[in-house]
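Residue numbers (this note's numbering), protein chains in the order written: chain G, 1 to 405; chain A, 1 to 156; chain B, 1 to 345; chain E, 1 to 233.
Worth double-checking, as some hints may not be accurate.
[To be verified] Some, not all, of what chain G presents toward chain B, calculated at C-beta under 10 angstroms:
1. T145
2. G149
3. T151
4. L158
5. P387
[Unchecked claim] Here are the simulated lysine to aspartate or glutamate pairs, DMTMM-like style, with alpha carbons at most 20 angstroms apart:
6. K90/A - E66/A
7. K205/G - E167/G
8. K232/G - E319/B
9. K357/G - E79/G
10. K100/E - D45/B
11. K164/E - E107/E
12. K232/G - D315/B
13. K47/A - D258/G
14. K145/B - D56/G
15. K164/E - D32/E
16. K145/B - D208/G
17. K144/A - D32/G
18. K83/A - D271/G
19. K176/E - E107/E
20. K47/A - E240/G
21. K100/E - D67/B
22. K144/A - D32/E
23. K52/G - E135/A
24. K83/A - E240/G
25. K83/A - D264/G
26. K164/E - D175/E
27. K144/A - E116/G
28. K83/A - D127/A
29. K52/G - D127/A
30. K204/G - D32/G
31. K47/A - D238/G
32. K144/A - E356/G
33. K274/G - D308/G
34. K145/B - D32/G
35. K205/G - D238/G
36. K90/A - D37/A
37. K83/A - D258/G
No lab work stands behind these hints: they were computed from the structure.
Glycine residues also receive a C-beta, built at the ideal position from the N, C-alpha and C atoms.
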Amino acid sequence: MTLPHREADVTLPKPARKDPHVDLEKLDAAADLMAINMGPQHPSTHGVMRIKLWLDGEMIVKAVPYCGYLHRGVEKLCERLTVVQLTPIVDKHDYVSPMTNEQALNIAFERMLGLEVPRRARYMRTIIAEIQRIASHLLWLGTFTLDIGGTIGGGASLMMYTFREREAILDVFEMLTGARFHYNTHTVGGQRHDVPVGWPAAVKKMIDAVDAHMPEYEQQCYGNDVLVLRTKGVGVIDRELALELGLSGPNLRASGVDLDLRRDEPFSAYDEIKVNVAVATDGDVYARFDVRMREMHESIRIVRELIDSIPEGPICSQKPVKVPFAVKLPAGRQFYTAIETPRGELGTYVIGGGAEKGAAPYRLKFRPPSLHAMSALPYALVGHTVPDVVAILGSLDPILGEVDR
Amino acid sequence: MMSPLPAPVRAALAARWPEVFPAEGDLDPNGPLVPADSHYDLAALLKEHGYLLYVTVVATHFPTPEGDTFEVATVLRNPSTGKAFWWRCKLGADPVIATLFPLFAGADWQEREQFDLVGVRFAGHPDLRRLMLPEDWEGHPLRKSYAIDTPHAPWR
Amino acid sequence: MTLNPWLHGLVYGLPVLLGVMGVGALASWWERKFSARMQNRIGVDVFGPFGVLQPFADALKMLQKEDLVPRGADKTMFFIAPAFPVVLCVVLLGVVPFAGYWDDTGTWAPAILISNLDIGILWVLSVSGLMVFPLWMAGWASNNKYALLAAMRTVAQGVSYEIPMVLAALVPVIVAGDLSIARMVAWQATHGWMVFSLPVVGFLAFVLFYLASLAEANRIPFDIPEAESELVAGVIVEYTGIKSGLFILTEYLHTFIASALATAMFFGGGHMPFLAGLPAIAQIVLSATAMLVKTSMLFVSIYWIRWSWYRFRSDQLMELCWYYLVPGGLVLVACTAVSVSLGWV
Amino acid sequence: MAVDESERNFEHPLYHYWENMPGGGIGMTSLDRLLMHSARHSLWFFPMATSCCAIEFMTAAASRVDMDQVGTIIRPTPRHCDVMVVAGTITVKMAPRVKKLWDQMPEPKWGIAMGSCAICGDFYRDIYSVVPGVDTIIPIDVYIPGCPPNADQVMVGLQRLQEKIAAQLAGKTIDKDPRPPNMIYPAIGTHGDARQTEATATGQLEASRNLGYGGQEHRVPVAPPKPPAGDAT
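Produce the entire structure from the sequences given, and follow the hints as far as they go.
If you want it as structure tokens, here you go:
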């Protein structure tokens, strides 16, 4: 091994695909491009991100996204908190689906330590994850149509309807955990809060309400010619590019890759049930929209299937869940694992044996699906017009808390 | 989770790097340690064998009494089987490693992030700028020598 | 009856102007209530009974706001641009007959009408064609790229949709054989409303006129010039206080006027059956009510569409205009001309 | 960052014209009351929505709570708005933008800090890239604590703001709202304090700015932080 080697030693081949780092100087000088800045505070950037667009008329010649306006240094913070203290921190990453964030982190620790999770807790986790997926996709649907339909227009109406269902879901979570938004209910080895009396009935009632309203949404979206016109053939990400970029979840499945970690690397109780994976092949905005809508149906089915069969038993395999030093990570052990969240593969790379006598991780790296989705923007935007920017961005569904961490 | 490599991939790797990937037995559960020179070639070989999905890259700072060392772990996933694989490269005090951008477009932003936060440079990267922090920021926050509350004007 | 022109303006103009301003203010309250009901909400509810004073609160608040002119803006243009659309809207109103009655000779005479122009339709079309200029001025003078993009879209859209609008307006002109809106209403009072008297073609012409008016008034699904989700707030992105308020008021006025014009041209204006024989005053009051009801129904439908549809992309909008509406309008005009010359109408 | 924020008693020229009109002073009181009522019933919000609190802010605008009842509209451009709602963590990279957007809003304007991240940075307050409280860069009138606050609490904060506006426009002097208890003050003072003014005056806020135009950005060298005068922290 020769260390260190220098930049000059490295000669790499040119990538075969079109490079988005196009030098504008080499373009036709008479093109007279206009640079326009979307963000960091823009109604349709889903948080604080910025895209710099070079426009020829309204046609996008080059797009450069910038992120980091919400960089809160969480990975640094994680290095000085113990494993048990980390759960409420990761709630704030993907703030649209906090439950799956907690789950990803704790499943990573459990798999690293080889801890067994009781069956009851695994069932609860599965149900929670699927309800959270519905809530997250509902919010996505609302904001997506808000982007296409306008904040003063039909999109706003649909957003209000989706929030009606989302409120019902948050009520169910509040019943379970006592919190409305950031739950802190998962822990290493299981759950903190047991199923309260009447919770399954409440979940069934909520699921019935959501299922009853699904045709309403489908009629407003599939049945709306303007939405179909705006989304078909726009923002195409082909299969190869999607894989190279590391897209995951609905974005990847919309590009024709049949990969779902719920089925391929089962966590919680997904090994006991069958998950029908929704796949589309076009890779455009419509395909991503379609995949998410079908996933909501699938989630409703899974919740219905599991809610009556929650087994009896303990909810956590670890005894003192509230002692911060209860769990220690083996020093020097490195481990990567991932679960499927509503946005895709949320991975956690852990190196054990850090501060607090080994109870804190030495290094914790999250693999956020939204960051990969955002890195598709320079490829997907070029050649489209300004109105397509919001449609493409909305269809990729990035959550900036997760992108920037 | 590290899952066993399929036999053809294992054979190809063993033929190329016999000291890292022995033909028999388990691999290092922490991820096999590959020479930094072979980083790009290994990724290219894995991509040929179906590891098409770029998952992530993780750089870590290990301060030692002899001087700083760095480790860069790269994770790839095979979309047809859904199984992930990762390997590590050890770097010295002046960390430079080949970029994977020609193979995987997603490496662009991931490597920029690791450059920003840890300070590992990726040779051959077309646009190696800071991703998260302002471009005039000093230091790399995820190095162990960087205090979490490092002063920054005017707030602390 | 000939009055002093100044007195004429005062007697007829002021009530109409104030009434329409009131309608504009009321429309903004009503739209907020209407959209709220569509969205399971309550809507404005605190200021005044059912929140009906909310538009006045907004207007008074806007009056108090600081007046900012962005650095690098064209100050003169930036200042005068908000005044123009209001003036144009009021000018448009001058030729719309708001009521009518059967006079002694048995013809339908217009009543609440500021000026019975012989070329009313031409006036309306040309003035509403001018409407793009203040928006372009505002967009250009703001020194803001979003405003500039919005202004470019406004001009492209306004100029394009002018053509189907003219073609749709030609249908009643050919049928009634007159360019005056008041006499067009009189024709409809004797021969039946335009949408019915000319089977199918009359209705299609109305639909064409309605779509073109939606686009001219920048309403969803044709509201790409103000497209909040991509262009933040369109041409008014840099305007503060009452200046932005004037633009917002103009949108309501323009929509209202478009509805009133469509009513006058296709739905018989103030005409309603069973009026003949009543005293003139009663006829005027009843026909003004009829006009208001018809206009309001069109107005409501515009907002119904607004709060349930999504918006087109700019190129799709142009495609719709040049590929479908303009040829369709030409066919309609040809059909009308043929049926009139064959004496079918 | 060019606007001097110390002058918060903005008076519209309308008042001036009215007073100089013959007999204008008679209507002054009733005009005042009218304007006061209209201003507090027509608060248009500019959502400075960065993170989790933004979702709860959307919930406050959605049908269960319906912020529109009291006449608030959410407008995406600062030029039309009266109240800036800072919902979420503000980072060092974002802070100059927040300040700029605040400066772009026309007077009279008010600020709401929603959520503990905006108020004091919450558990991120020690991290290198986080601003420990948005009140270090813009004046804040109402604090809504919570992580995130419920939608109902947003309405309570809105009512508190309406009370303050009524008092402010009626000419009463109102005390600045303090930060909620146990929300730690940063080493640098909040907006209006001497040390914060000094930091602004010496261009340190300017220094942390990143224009980031593809490598040709305008860079200002970072000045070392000045030791606080006469303060041990």
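Which numbered hints fail: Result: hints 10, 16, 17, 22, 27, 28, 30, 35 break, sorted rising.
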